[in-house]
Amino acid sequence: MTRRLVGGRLFAGQRAFWQRLLRRDAAESGPVTLTRRRVYILPSRNGVVFGVLLLAMLIGAINYQNSLAFIFTFLLAGLGVVSMVHTFRNLNGLRLRVGHIQPVFAGEQAAFPLSVENPRGHPRFALKLHFTGQPPEGLDLPVNGGQWLQLHHPTAQRGWLHPGRITLYTRFPLGLFHAWGYANIAMRALVYPAPSNERSLPAELLVPSGSDGDQGRGDDDFAALRPYHPGDSLRHVHWKVLARGQGLVTKQFGGGVNEELWLRWEQLGNLALEEKLSRLTRWVLEADARGMTYGLALPDREITPSRGEAHRRHCLEALALFQMPTERRGFTG
Amino acid sequence: MSRYEQHLLPPPSSRLWLLAALFLVLLPHLWRMPVALSLASLGVFGWRLAHELKGWPLPRRALRWLLTLLAFAAVALLFKSVVGRDAGVALLSVMLCLKLLELRTLRDALITLYIGYFLVLGAFLFDQSLYIGGYLLLVVLLLTAALIALNHPQSSAASTRFYLRYAGQLLLQAFPLMVALFLLFPRLDGPLWHMPQERTGKTGLSDEIRMGTLSSLVESEEVVFRVEFQGPIPAADRLYWRGPVLWRTDGRLWRTLRQPLLPAVPHFAAASEPLSYNVTLEAGDRRWLFALDLPATLPQGLDSPALIRPDFQLLADKPLTTTQRYTVSSVLDYRTSQLNDAEWWAALQLPEEVNPETVALARGWVDAGLTPEQLVTRALNYFRDNDFYYSRRPPLLDNDPVDDFLFNSRRGFCEHYATSFVTLMRAAGVPARVVTGYQGGERNRLGDYLIVRQSNAHAWGEVWLEGQGWRRIDPTSNIPPERVEEVVDSQRFTTTDLLAGVAQGREFGLFKKGFYRLRHMWDAMNHGWNQWVLGFDKGQQERLLKALGLQEKGWGGLILLLVGALLVLVALISAVVLLQRPRQSDPVQRHYQRFCAKLAKRGVVRKADEGPLDYATRAALALPQHRELITTITRLYVALRYQPPGQEAPLSEFKRAIGRL
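Keeping their order, the protein sequence lines are chains A and B. If you're matching positions, the first sequence starts at 1 in our numbering and goes up one per residue. If you're matching positions, the second sequence starts at 1 in our numbering and goes up one per residue.
Just chain A, with the same shape it has in the complex (with noise of 0.2 Å):
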């Protein structure tokens, strides 16, 4: 019993070896740091060249049976060794938080902007923060100080994007050590279908769907100066009066008409799943760029009509995650 127990315990141990090792562990909320035993450090290229040219030393030294020539190889032996403690020490205790996400069209680039904090009593210098495959971001930190920089993904699909572990890596100061650390920062990029080059909105959708338009809100006929809303289309700012310094003012258009649109999931036919996103993500951008009220209607989903900058986002959200699987883990990007 005792044996088994034992035993288990053992193999525990072993799991959480193995998970360290192999760098399974959970993303982790929050701000991450980089703690001693999270700083990795092995030789670079250069420090084996470096080591090559140690050991040409040395047979150099034996050789000629000179006394300075041992000194100085094993100077710079010694030299190696405590770069290597330095580098180390470059790493050692840096904190990551992550800040707020914006979203994307497919095919850009994600932004996951960054703090880098150093809480020690040291400088930090030639950091290096990367995603795996892109390319590094460069900073310095002073003592007890912090900088915000952005980590760039590129994106080719909708949905959520989660960018993977962050590698900090350095080799300051004198490059014959790599030391680097992973954080594994839970972050996610909400990913919005890119819009179609279709650029217009169908003839048909322009169709008035009923008589009772609430009036003063559509679009076509000025009827009245409001001060500006955040959501507000940028095309209804009164210019003029903001020029004339009396600051943001709403032009209101009194429609005989209701615009009131539905963008419909039927009305694009036979296209392929993708492409329909892709041509609704458009409409949605059109309609609001023209500060018209729009509904979208998806196969399982129906947003009633609205406007505004919310809204946009809620469609646009609706649109990216369309069909996704619901991920389990419920963060806010």
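Simulated from the structure, these hints should not be mistaken for laboratory data. Glycine included, every Cβ here is placed at the ideal spot set by N, Cα and C. Be aware that one or more of the hints could be misleading.
[Said to hold, decoys possible] Under 7 Å between C-beta atoms, here's a sample of chain B residues computed to sit facing chain A:
id : residue
1  : TRP65
2  : LEU66
3  : THR68
4  : PHE124
5  : ASN151
6  : MET178
Use these hints to put chain B onto chain A, whose structure you have.
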């Protein structure tokens, strides 16, 4: 290097750093290389500098190849080889300059830097003096600073001092590791494979005398060897350092006798206790070893075995191209054995037709019925009673040089007196020979050792007397001091301590006193350097281990010891580097952080974006038992921080409050 980095451009300011460091690396090599090659290298270097500063275009690939081939051919032609120390270092220097012409990426820059490190080592193969050691340490500092700059893409010219400081810090931390490796790395007895030795062409004592050849030596202040006596230093007139013994002569030129080399000291009767001492001999290209008359043992501690001639000259197995340190003992009062026929003949050999007047003079003394002892005295008196002068710049002598010297010029230095005396003795039928070497030495009080310089070079005579064997006769010392033209020369046989004369305030001005004192200090440093750094070899290593009580562990034990020492040192250095926390310069901030740390330990961690007041509110809610203290401390902190100067709360109160938490 990742694929994103190997093609990166090195930061511009670091490129200038690199060029400066590399130039200083190249300097000693350029000095030594053939002039044409040095000028060509400088030209190429200048090209790169002009590119960096003035934007000159760099040569195209075809031209670069051509230059490389030319450089290769030039080295092969000038050195008749492309391997070996001289040619190898020259080739590396030129190639380094050419590499600068295509230095584009970070990797190129690093390669040149590594070649730079290698060339520093190359410089040590030529010169291991204290000067070059100090100079190259500075160069290593610069190279390392350049390496840091290259690894710092955000570098700017403004960070110059920072790189130097960082490089200095790294080197300082590397120092203990270097010392451990130097002392404990197992040393071999000889090289791994034989390297071609190059002649250094240094001037030194010659193994033949033609009157006038020693004149250049007399002027040189170069150190030949240094001696530490295990007992007191003997009187100056007993310090005769034996070198080549000259037997064969044609009346003008004196040369050594071809004799077998013996592996043990020939027998002689010692009349006093042997004297033991250590000699540190500067590198040269000769095989000669020096010991006081007469060596009683063969030198110990040399790289190669020592041998001795039947005339008691010590020799090494091969030329001593590196500084050597050996222990030897001598007997100052002695009686040598009988001469054999060959020696008897060689010690009397003298051509009749050269120097006829000298021969006639000696024959005259013999005819007067003088015994060999009386003949020696007669000859010495001859020098004393006639107006012979000691001069470093004697007139040239004619075809019968001894005749000319004895009867005409009467001005000369040791070799004139020694050869004339030996000529007189031989003409009179007394076996005699000329001994060359060094006489006296300068005592360095700082290190309590004796410095023997080229200017101590000397020649004296030896006569063989029945019942006494070989006896040293130094006719030069018989010249009365008032007939010696230079003060230093008159001091020579009376005291070994120039500073003693200095202390008495005679003969030397204040300036000269200071000069001698400085010279002794510098020499003591050089001696220590030779002894502890350059002379550190297998033997010294064994002695060190013995002193530590760790002898006879063999290689395995030594390596174990080395690894252990390195591990301890690396752990210590890591601790120093990783635990190094520069104190907050601001005491208020420091104490406030202590307060935050205390609260964090109780579970209330301050958020990055939380102000002190918000934090206090939250902490007070979470830790109601400490509410009062938390509020007080925060109030004090805010007061210390934000009150105008002069109205802040006392820091001590703030400190006490945090202490109470």
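Hint by hint, here is what the structure shows:
1. TRP65: 24 Å, violated
2. LEU66: 28 Å, violated
3. THR68: 21 Å, violated
4. PHE124: Cβ of PHE124(B) sits 4 Å from chain A, so the hint holds.
5. ASN151: 4 Å, holds
6. MET178: 4 Å, holds
Checked against the numbered hints given earlier, the structure breaks hints 1, 2 and 3 and satisfies all the rest.
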